[in-house]
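Visitor: Below, each chain spelled out in residue letters.
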Amino acid sequence: MGLEGEATDAEVVRAVLAGDVERYAVLVRRYRERYARYASRMLGSRDVAEDAVQDALVRAFDRLADCREPDKFAGWLFLILRNRCYAEQRRRQREGRPLDEADEMFAAPDRPDGAYEQVERTHALERALQHLTAEQREVFVLKHTEGLAYEEIAGVTGATVASLKMRMHRAYDRLRELMKEHLE
Amino acid sequence: MMGYHPLVKRLLDGELSLAELPPELRAEGEEALRLLGAVDRAPVALSPLLDERVMAAVRSHAASPAHRAWRWLNTPREVELRLRLRPWTVWAGALAAAAGLALLLGRPAPAPERGLATQVRVGLRDSVFVRFVLYAPGARRVAVAGTFNQWDRSAAPLVPAGTSGVWTTTLALPVGQHQYAFVVDGARWVVDPAAPAVDDGFGRRNSIVAVTAQGAHTL
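Here the protein sequences come in this chain order: A and B. Every letter in the first sequence is one number past the one before it in our numbering, and letter 76, counting from 1, is 76. Every letter in the second sequence is one number past the one before it in our numbering, and letter 132, counting from 1, is 1132.
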């Protein structure tokens, strides 16, 4: 076994399953940031996203023996996190929590040009995303925030490219409506 | 405000450039690109304490009796076999195997990749021999992977029974409940059509077999 950075996911998964629980920290360090942005955009809150990422990592450990393809741990973990995000959204809907009041919106980072208008537009888009359906929001986030192609999104979500495009095109229309005053 | 023109949506999808839009749609296209310009792609920094919180939970779960029991059930063990063979038992065994194969081959033409429920052979104190059978004509290789071998696709290959399309292997499984699936040609996961299956929580199905000291049962 080489250094931590050289160990493949499959090697780490097998070591953990063989009883070396501490090796799981390698996977935690490797994937915590990678999926934080997806969860943040899906849930509209960095704090809620952090809880979701934490829960997903712990749940993945609990079910590690069910990971059929340890070399595809990343995709498997993504599915757990995705389920967690959807569950959180369903819980919010059941509780009738208004999305805008549910959580603080994370601040847009300071930009070198300091363009107030741009920062406002970014805030507005983050708020508007929370008014899409979960499926519309997900395809928008995966394509435009994470930079995945439709084919790649189909691979991780199980939806067809045609249905993903339909969701996305509805999302564009809805976002245009919601962002009207920020786009003109 | 109405929805975007279909060509503008293709612009947003990255399939067209602004210059490829008809002149009358350029303004709408520029507005649409302002929408994408508002997307925040900055990384999201999580608390540095998250790692420790996850690992604390992991250590706690790993130390729980339920987790230890689950690991014990899923840990492969060496099984010592002591066979006392007499000539008549060899002949009887060969006859039984031939009869079994004849039964398999004599079945009506099955659908592609037809499996058989796991079959029990011999019980030992904490392991039981379980036979896995899959009818997969045309397959180049077949293996069985499950919780008992950490879903390793190459750990338990099945052997073809001649050119009949029937693949079999016999494994010693520890007592407990196991989830498994067949792997055809190294890539395609196939549930055992002859065994019950459960959703693995991630959109796929796993077959299930319960192994007790008295034998294996499909649930």
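Some hints here could point you the wrong way.
According to the in silico footprint, chain A covers these stretches of chain B (three or more CB under 8 angstroms from chain A) [stated by the list, open to error]: (1) 1009-1019; (2) 1030-1039; (3) 1042-1052; (4) 1157-1163; (5) 1188-1194.
Here are the simulated DSS-like cross-link-like pairs (lysine-lysine), alpha carbons at most 27 angstroms apart as the crow flies [said to hold, decoys possible]: (6) A/K180 with A/K165; (7) A/K72 with B/K1009; (8) B/K1009 with A/K180.
Just so you know, these hints were derived from the structure itself, not from any lab. Idealized CB from N, CA, C, for every residue including glycine.
Visitor: The structure should be examined with respect to each hint, and the outcome stated for every one.
Guide: For each hint, the structure was consulted:
| no. | hint | in the structure |
| --- | --- | --- |
| 1 | 1009-1019 | holds (count 3) |
| 2 | 1030-1039 | holds (count 8) |
| 3 | 1042-1052 | holds (count 8) |
| 4 | 1157-1163 | violated (count 0) |
| 5 | 1188-1194 | violated (count 1) |
| 6 | A/K180 with A/K165 | holds, 22 angstroms |
| 7 | A/K72 with B/K1009 | violated, 33 angstroms |
| 8 | B/K1009 with A/K180 | holds, 16 angstroms |
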